[in-house]
Structures are given as structure tokens and as C-alpha cells.
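Engineer: Here is what each chain is made of, one letter per residue.
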Amino acid sequence: MSLIEFKNVSHKDILHNITGSFKENKITTLVGPSGAGKTTCLKHINSLLSPSQGNIYFKGQDIEQINKKELRKEIGMAFQSSPMIEGTVYDNLNLPKSIFNEKLDTAIAKDLLACMDLSHIDLNQKVKVLSGGERSRLSIARTLVNEPKVLLLDEITSSVEYRMVREIERLICQLQKNVGLTAIWITHDLEQARRVSDDMWFLKDGHLLEFGEASLINQSDNTYIQSFVRGEYE
Amino acid sequence: MTFTQLLLSLVFVLIPLVLTLYLKLGLENDIIIATIRSTIQLLIIGYILTFVFDAENPIFIILMIIVMILAATQNVIKKGSGIPGIAWTILLAMITVELLSMSLMLSLGIIDFTAQEVIPISGMVIGNSMVLSLLFVSEFKEEVKRSDEIIELILSFGGDKKSAVSGSLKSAIRTSMIPTIESQKTMGLVQLPGMMSGLIIGGADPLEAVLYQLLILFLILMTATIASIIVGYLSYPRLFNNKLQFIGIKEES
Chain A
1 MSLIEFKNVS
11 HKDILHNITG
21 SFKENKITTL
31 VGPSGAGKTT
41 CLKHINSLLS
51 PSQGNIYFKG
61 QDIEQINKKE
71 LRKEIGMAFQ
81 SSPMIEGTVY
91 DNLNLPKSIF
101 NEKLDTAIAK
111 DLLACMDLSH
121 IDLNQKVKVL
131 SGGERSRLSI
141 ARTLVNEPKV
151 LLLDEITSSV
161 EYRMVREIER
171 LICQLQKNVG
181 LTAIWITHDL
191 EQARRVSDDM
201 WFLKDGHLLE
211 FGEASLINQS
221 DNTYIQSFVR
231 GEYE
Chain B
1 MTFTQLLLSL
11 VFVLIPLVLT
21 LYLKLGLEND
31 IIIATIRSTI
41 QLLIIGYILT
51 FVFDAENPIF
61 IILMIIVMIL
71 AATQNVIKKG
81 SGIPGIAWTI
91 LLAMITVELL
101 SMSLMLSLGI
111 IDFTAQEVIP
121 ISGMVIGNSM
131 VLSLLFVSEF
141 KEEVKRSDEI
151 IELILSFGGD
161 KKSAVSGSLK
171 SAIRTSMIPT
181 IESQKTMGLV
191 QLPGMMSGLI
201 IGGADPLEAV
211 LYQLLILFLI
221 LMTATIASII
231 VGYLSYPRLF
241 NNKLQFIGIK
251 EES
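As you go down the protein sequences, you meet chains A and B in turn.
Residues in the first sequence are numbered consecutively from 1, following the numbering used here.
Residues in the second sequence are numbered consecutively from 1, following the numbering used here.
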């Protein structure tokens, strides 16, 4: 069942007439070369950007009609660079609560760290001493504080050592199955997309060239995708 | 001081001019232009002030203040380009600061509504507000650019405009106020303030000069705080659209 639908969505000269959908409780990867419009596409889903033309629907309702604060609590996003505020691990986990003058229970904070295999990290530890992999997992854990139904992941493993890439993939897949999340995951790594995806969107120059079950990407008639699958493009 | 003495004081300009030429610093044109401009501008203002003081007409006092506010606003706007609607925000900040400081001083009987007292003090209030607003706007723009990812992150959690820029806003207000607070801490130890020195040179009793200087210092602290806060709190909402999306600072062309 489709949870999110794009209908003829364009954004300035970055996205062009995109029509496609994301299924509930599945992991869909957005694949394509740099400059394809993947991040722009993702930011439309939690309304950090709005289409110049076309409509996006969440649970059948036009996103533009949904209260932004409520929408963004339901659709969480982990950013590519895992931005952190100065301070401790707890300060960062508490950020989604502190902006509403609320406080995250420390037991829940510890559970979230455990969920991302970060039990070894103290809540009072400064974030500046964390490794790239730890920051990335902390960023995902922080996104889970609002208990979102949809998780948007923007190249979350791009600055992480290879060993940790596989670990993060495992954790996300496990989380998706346990909690029943819908995940939309940007990656330029086709192998990663194959490992984690149920479905795949293939974007190039702001156009959606193909979308559907991940296994179907290998059978695409599109010559660019065929070349990409053969590894001829980065 | 006579015009002859003023002409003789040009020796203080000649020395840096000769040194600039000798060291090939390429600043000779700027020094000449700065000297000519400051001389002409100050002489003009001297004649205007003489006229206004002699006229003893409140309308001229108000006109002088309006000109000062417009000139100061124009100066800050140049630095603030990139923030939508900054012109009106700064104009409002300047007017508020001037109205607040003057109404407080006049109602408390600290000064009288005379050109000799209102115009120089307004000049200092508006001038300092201008410098502080310039510092704030410049720092706020840099902070927003540095923190664009954190701003979007907070929006992505469902945060509002204020919570998204709160860190940048507070940091810019603090940074713009620190020089005023720090300079006040060393006042009288490291330097004698310009106004106080001017009064003493003009023959005023040093203690009376100190009292006036303290009044100005307290006033500047208030105006610095209020100008930064007004400009900050009125300009940050314009960094977002009505869909709670971050527009950011527009790059200057």
C-alpha cells in the first residue's frame, strides 16, 4: 500500500515532473548519480521544500494541507553530515524534545543508544569526540526520539568506515522490521541499495527514470540505468 | 582653536601620507579622500549645528535627529543586504532606541530639551546603535550561514522559526554586545573616552565631564542591547517562508 505519492512534482530546475510512490513498511532507496535531485526529492517528503508544480500526498492527504509540525514529527530525517549541536550526547538526543520545552527521559535516551548499538557511549560524553560512525548512528537515534512513522535517510553512511557501513545497514533493516517503519534512503552506492531495498527509485538530472521492486532495476530498458548497473558511472 | 591651528594640524596627515608613499602601501588616495571628506563633512555639520543652536527651534532639533537616523540606517542596510526587509527593521530599531533613550532622559530630568544637549547625545546614541547593528547584522549573517544544517535539522523535528535560529540569534547578540561591555570594563584605565576628553579640552570641570561620560556609557549599554535585540528578533522570521521552510541568506551579487 502506498504511503507517500508524488504526482507530477517539479521543483525549479532540479526536479522534473516526478510521479511515483513509496510503500508503507518498506525500505525504498533513492539511487542515482550526484546532482540527480535525490536530496531535493527527500526534503519534499517532510516539507522542508515545496514543489513548484504538482502534489505530494501522505496517507492520501496533500502534504501542503498538513500541519508542518505534525507532519515533521511523523516523518523524521537524518541528514548526510549528521549535524550536531555543541554539547553532550544527551543534549543532542534531547534536541527534538528541548525545542518544545520538554525533556527526554534518560532511560529512553539509553534505549535509543542501545537500539543503534551505542550502549558503550555515556550520555554525558561530548559529541565532538565521537567517530564518524558513532555520529551517524547518534543522528539516526536522535531522529527516532519523535517516534516517526517514516524515516528519511540522506546518505547516512557516506562518511563512515566500510566496516561500520554494514553495521548501520543491519541496524536500520532490523529497526525497520521491529518497529514497522517506512524508510526512504538515499544512496549513490548501488550495491548498498541492493542489500537494503525492497523498492528503488532511480533518479537522473531530476527525472525519475525507473521505480519499482529493487530486483527489477537489473532488467531496466533504460540505457543509462543499464550502464549504471554495470558500474560504468559513479 | 583657530583655522590656522587646524591647518598646522595637517602635519598629522602628512606624516602617514609620506610613510605610505615611502612604503608603497597604496593608501595615499584613501588618506587624502578621508581627510578632505571628514574636514568638509565636519565643517558643514559645525555650521548647521551653529544655526540650529542659535535658532532654538524644536523642529530643527527633530529634523537633525531624523537625518541622523536615516544616514545611520542607510549605512547598516548596506551590510544587511541578503536579509529580506532589513531596511525597515533597522529603521524601526533606530527610532525605538532614540525615542526610548530621549524620553527616559527627558522625563527623568537628566537633560533638557535643548539643541546643545539633545543633538550631541542623540548623535552618540544613534551612532553607537549603528555600529552595534552593523556588528550584529554581520555576525548574524555569518552565524546563519554556519548553522544552516542545524536550522534545517530543528525544522525537521517540527521546530518553529524561533527554535531553529535561537542558537544563531543568541550568539550574534552576545558577540555584538561583548565589545561594548568589555570596553566599559577598562574605561578610564586604558583610555579616556572621547567625549570626556573633548569636554576637558574645552575647559569643563573633569568631574562634570566624568558624570556626562558615565551617562553616555550607561545609555550606550542600553541602546546596544535594545538595538541588537530589535534587529535580531524582527529579522529572523524573514529567513523562513510561511510553510516553515528555511530560505536563508540570499547571496549578494
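To be clear, the hints were calculated from the coordinates, so they are not data collected in a lab.
Because the structure is a prediction, the values reported are computed rather than measured.
From the three backbone atoms N, C-alpha and C, an ideal C-beta is built for every residue, glycine too.
Please note that the accuracy of each hint is not assured.
Said to hold, decoys possible - Below, simulated DMTMM-like cross-link-like pairs (lysine to aspartate or glutamate); rule was C-alpha separation at most 20 Å, straight line: (1) K97(A) <-> E152(B); (2) K161(B) <-> E102(A); (3) K43(A) <-> D160(B); (4) K73(A) <-> D160(B); (5) K128(A) <-> E86(A); (6) K243(B) <-> E117(B); (7) K23(A) <-> D205(A); (8) K170(B) <-> E86(A); (9) K43(A) <-> D148(B); (10) K43(A) <-> D205(A); (11) K73(A) <-> E208(B).
What the hints assert, rightly or not - According to the in silico footprint, chain B covers these stretches of chain A (three or more CB under 8 Å from chain B): (12) 48 to 59; (13) 88 to 95; (14) 197 to 206.
Engineer: Each hint needs a verdict: does it hold in this structure or not?
Structural biologist: Here is what the structure says about each hint:
no., hint, in the structure
1, K97(A) <-> E152(B), "16 Å, holds"
2, K161(B) <-> E102(A), "17 Å, holds"
3, K43(A) <-> D160(B), "17 Å, holds"
4, K73(A) <-> D160(B), "12 Å, holds"
5, K128(A) <-> E86(A), "8 Å, holds"
6, K243(B) <-> E117(B), "49 Å, violated"
7, K23(A) <-> D205(A), "24 Å, violated"
8, K170(B) <-> E86(A), "14 Å, holds"
9, K43(A) <-> D148(B), "14 Å, holds"
10, K43(A) <-> D205(A), "16 Å, holds"
11, K73(A) <-> E208(B), "62 Å, violated"
12, 48 to 59, "holds (count 3)"
13, 88 to 95, "violated (count 1)"
14, 197 to 206, "violated (count 0)"
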